[in-house]
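Novice: Please put together the full structure from these sequences, using the hints given.
Chains as they are written, first to last, in the working numbering: chain A, 1 to 635; chain B, 1 to 370.
These aren't lab readings, by the way, just hints derived from the structure by calculation.
Cβ atoms here follow ideal geometry from the backbone N, Cα and C, with glycine treated the same way.
Take these hints with a grain of salt, some might be off.
Unchecked claim - Now the in silico label distances, taken between C-beta atoms and shown as ranges: (1) 53(B) / 141(A): 19 to 27 Å; (2) 28(B) / 239(A): 35 to 43 Å; (3) 32(A) / 151(B): 25 to 33 Å; (4) 298(B) / 239(A): 50 to 58 Å.
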Amino acid sequence: MARNSKVELRNTERELRFFRVRLAIAAGLVLLLFLALLGRFVHLQVYQHEYYQTLAEQNRISLVPVVPNRGLILDRNGEVLAHNYSAYTLEIDPGAAESMNATIDALSELVEISPRDRKRFNKLQEEVGNRGSIPIRTLLTDQEAARFAANRYRFPSVELRARLFRHYPRGEVASHVIGYIGRINDKDLESLQATGNWANYRGSDYIGKVGLEHSYEQELHGTTGYEQVEVDAGGRAIRTLARTAPVSGNTLTLALDIRLQEVAERAFGEFRGALVAIEPATGGVLAFVSRPGYDPNLFVEGIDPQNWEALNDSPDKPLTNRALRGQYPPGSTFKPFMAMAGLELNKRSPSFTISDPGYFTLPGVSHRWRDWKPGGHGVVDMRKAIVISCDTYFYGLANELGIDAIHNVIGRFGFGRPTGIDVSGELAGLLPSQEWKWKRFKQKWFAGDTISVGIGQGYNLTTPMQLAFATAVLANDGVAYRPHLVRQIQDALSGEKRLVEPNPVFEFKIRPENLQLVKGAMVAVTATGGTAARAGAGAPYQFAGKTGTAQVVGMKQGEKYDESKVAERLRDHALFIAFAPADNPKIALAVLVENGGHGGSTAAPIARQVIDYYLLGKLPEGMEPKADDEGDGHD
Amino acid sequence: MTKVTAMIRRVWKNLTAYVDGPLLGGVMLLVFTGLLTLYSASDGSWPRVLAQIINLGVALAIMWVVANVPPQRLMRVAVPLYFLGLMLLVGVAFFGEVVNGARRWLDLGVTRIQPSEFMKVGVPLMLAWYFDKNEATLRLRDYAIATLLLLVPVGLIVRQPDLGTAVLITASGLFVLFLAGLSWKIMAGLALAAGAAAPLLWSLLHDYQRRRILTLLDPMQDPLGAGYHTIQSTIAVGSGGGLGKGWMAGTQSHLEFIPERTTDFIFAVYSEEFGLLGNTILLLMFTTVIARGLVISANAPNLFSRLIAGAITLTFFTYAFVNMGMVSGILPVVGVPLPLVSYGGTSMVTLMLGFGILMSIQTHKRLLQT
Chain A
1 MARNSKVELR
11 NTERELRFFR
21 VRLAIAAGLV
31 LLLFLALLGR
41 FVHLQVYQHE
51 YYQTLAEQNR
61 ISLVPVVPNR
71 GLILDRNGEV
81 LAHNYSAYTL
91 EIDPGAAESM
101 NATIDALSEL
111 VEISPRDRKR
121 FNKLQEEVGN
131 RGSIPIRTLL
141 TDQEAARFAA
151 NRYRFPSVEL
161 RARLFRHYPR
171 GEVASHVIGY
181 IGRINDKDLE
191 SLQATGNWAN
201 YRGSDYIGKV
211 GLEHSYEQEL
221 HGTTGYEQVE
231 VDAGGRAIRT
241 LARTAPVSGN
251 TLTLALDIRL
261 QEVAERAFGE
271 FRGALVAIEP
281 ATGGVLAFVS
291 RPGYDPNLFV
301 EGIDPQNWEA
311 LNDSPDKPLT
321 NRALRGQYPP
331 GSTFKPFMAM
341 AGLELNKRSP
351 SFTISDPGYF
361 TLPGVSHRWR
371 DWKPGGHGVV
381 DMRKAIVISC
391 DTYFYGLANE
401 LGIDAIHNVI
411 GRFGFGRPTG
421 IDVSGELAGL
431 LPSQEWKWKR
441 FKQKWFAGDT
451 ISVGIGQGYN
461 LTTPMQLAFA
471 TAVLANDGVA
481 YRPHLVRQIQ
491 DALSGEKRLV
501 EPNPVFEFKI
511 RPENLQLVKG
521 AMVAVTATGG
531 TAARAGAGAP
541 YQFAGKTGTA
551 QVVGMKQGEK
561 YDESKVAERL
571 RDHALFIAFA
581 PADNPKIALA
591 VLVENGGHGG
601 STAAPIARQV
611 IDYYLLGKLP
621 EGMEPKADDE
631 GDGHD
Chain B
1 MTKVTAMIRR
11 VWKNLTAYVD
21 GPLLGGVMLL
31 VFTGLLTLYS
41 ASDGSWPRVL
51 AQIINLGVAL
61 AIMWVVANVP
71 PQRLMRVAVP
81 LYFLGLMLLV
91 GVAFFGEVVN
101 GARRWLDLGV
111 TRIQPSEFMK
121 VGVPLMLAWY
131 FDKNEATLRL
141 RDYAIATLLL
151 LVPVGLIVRQ
161 PDLGTAVLIT
171 ASGLFVLFLA
181 GLSWKIMAGL
191 ALAAGAAAPL
201 LWSLLHDYQR
211 RRILTLLDPM
221 QDPLGAGYHT
231 IQSTIAVGSG
241 GGLGKGWMAG
251 TQSHLEFIPE
261 RTTDFIFAVY
271 SEEFGLLGNT
281 ILLLMFTTVI
291 ARGLVISANA
301 PNLFSRLIAG
311 AITLTFFTYA
321 FVNMGMVSGI
331 LPVVGVPLPL
341 VSYGGTSMVT
351 LMLGFGILMS
361 IQTHKRLLQT
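Specialist: See below:
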């Protein structure tokens, strides 16, 4: 029994030892695995800590750009021409939407979505691509906004946003000056990236496309602010950690007087054309008309295809800025400048006369350059040549000066190169020279080429902007100020006002007696016996002007054929340059009326209305240009 | 006065007679760490913490009761408990409630229970009982029968599906087999067989289970789907650094990047806020509890006690290791909570029940000896 129990005890002891060995192995395994775990922790929390720290911060913090308010545009008297207002939009994120059409269909049950909205949306999507969300409906009513908000959960890709919209309260008035903004497209993106401005446009959807909105984009846009926002796993903003406030765009105050602009635009009636009025002493642009205009508000949220086609395909070309990009022969408005060249180069004295037979010939050339008046004007001196617009006198003068002298002297008035006005897209016009012809046509300049240049025809081309600038230089006795639309820029942050100082580009020394002669002749143009006598009748100020007519060579290829319009479109363009009061010019301008016929009959009355309003505050009554103005003579 | 103190002393003595101090100390340290982390993981709100305290109270009561039951009586309930659990598991398979795509719960009318939880204790008890009963005549056949006793409930649980619980129960069963002296040769053979059966097992797994395993190999394959848990919890652990972001200051946790942050992923919260230092302390706490458990097992008076004590302790370790391994991205995501730390009443009760058994073994032995 005792032995038995001893064996049993030994057995039990052996078993216990055996068990404890196994237990020790297990304990070793436990320690080993815990050490492995500890190794993993050290790896993650010491060696890779920075990496995971960064990931956690990226998870947590999101930089949200805060778009600045775009700067305002005001006229010289503080009238608002472009501003922002807040409204609700519905926007779809094309990247997040599964089926665009189904989404829009479902939305249309809640808010009204017209076929036009859909077309505009599709057009925008093509232009903008999947960059950010695209508005499907703008200007929601409060009820519509509330209806959508209640159904928000059904539309994960649609967002209701209260946003600032650009608005141009004057609509079509001065549309070619102000221009418009539009959605940033691929081209804008490229240029922003190229200029390194892209960072400032994070979060911005709009950019100036044309006009001042485009050329002053840098001033108007402002500086984008940032919010460091802590977001949770669902992307919801929990709190703002830091905020860099955006800086609103600067306010532009124009030299332009919107009332004067309105008078000028209305004075055109149904005519197409352009008018630029400049304050000669500063270069400030008082009015800048290109007719017809368009409503820039159509473009802000993306224009719908229907309106776009109507504007783009119209034979009247409302989208073309005629004042800046329309190039026309100056016609007889060129003559005062020719006269200045003749006097300054001593090729003509005031008393020099010719006997006008009604045409001009060159020795050895059979061609006759005809005066507009068959039979001629008789004995003509310089003053009379300007007043009655004698062609023969200027044919001879041009011939004697030669093309290069004309180019050099007249070029000083700004012809043949951009005036440098502060809105982009300006064309240079054309003031021909021997060198130019050789470069352009690889042809020698012929003496005969010079003759018609003398009356502003031939190769001559100017933009209405250039013509107005040249007139202002003349009115200002040869001192040229860079023309500018923006007079003052007010810094949104500091409130500091930067004046666009009257900025003399160059000074052109003209002998006073010569100025007196030419200006005097231009005053006589609007007096009895002058070519703009009717338009100048009864002006209580010294009204200096010069009429002009530019021949329309023919119909351009590809233009739509419309029988009733053809005759009208083949009529000459009417031109008129003017400044007043002649002894102390406050305003200088150039008017071009497309197919307007005679300068004296259609263009000069527009100038008169503009100057009457500007100098006298007189609002015009009859807007219809008088077509039967035979008594005013011809140029 | 002395009468009162004497009475209090007597009551206290009766209360604590069967409670193992060192084990309870280690357990309570872990429990308080858990409550602290839970408060942070619920964004500083009390309801979850209070609920967990109630769970804790219930679990401690159960622990106390079990600790007072002598091991011999525990041995007697092993078989009925096992078969009751098995019946309930079959019941779940036929009448169970489906929650989140898995059939795990059984509605008994009075309350809903999760029978797989019972088996966490039931299976090792059964196996320990079996080996104890056949102690004198242990043969290969006995190991085969024990394996079968293990695989039947595990198979039912895998089918629910509840991979986490299946893994833990398998582990507890294997621990019993291992401690009972299963020869190394057979273990190697079993390992080979398991390796060979892996493709078969793979085909039995549910899609989401397969995805979890694949995700472990490359979480970035599916960063927003199956890989999301692992990626975000790994970021939480890594960004915690040496000393952590501080209690209540974890960004990954408080900004809800960590899913299930009060339950299975609570370790990510802890690790983010207390860093490597905290992790080391936590590992030491677990080691303390495990060490005490192993000591109890080593000193237990009979085979049943030894086996059950060892299995419970090692299963507890498995819990902790699998959970921390999954949160730190070295093990696949299986639904295993961090023992004593994660929120949840059932697992708390099961765990405390296990600790009650350990205490019973330790304290009754001591009483026998003295």
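Novice: For which of the previously enumerated hints does the structure constitute a violation, in increasing order of number?
Specialist: 1
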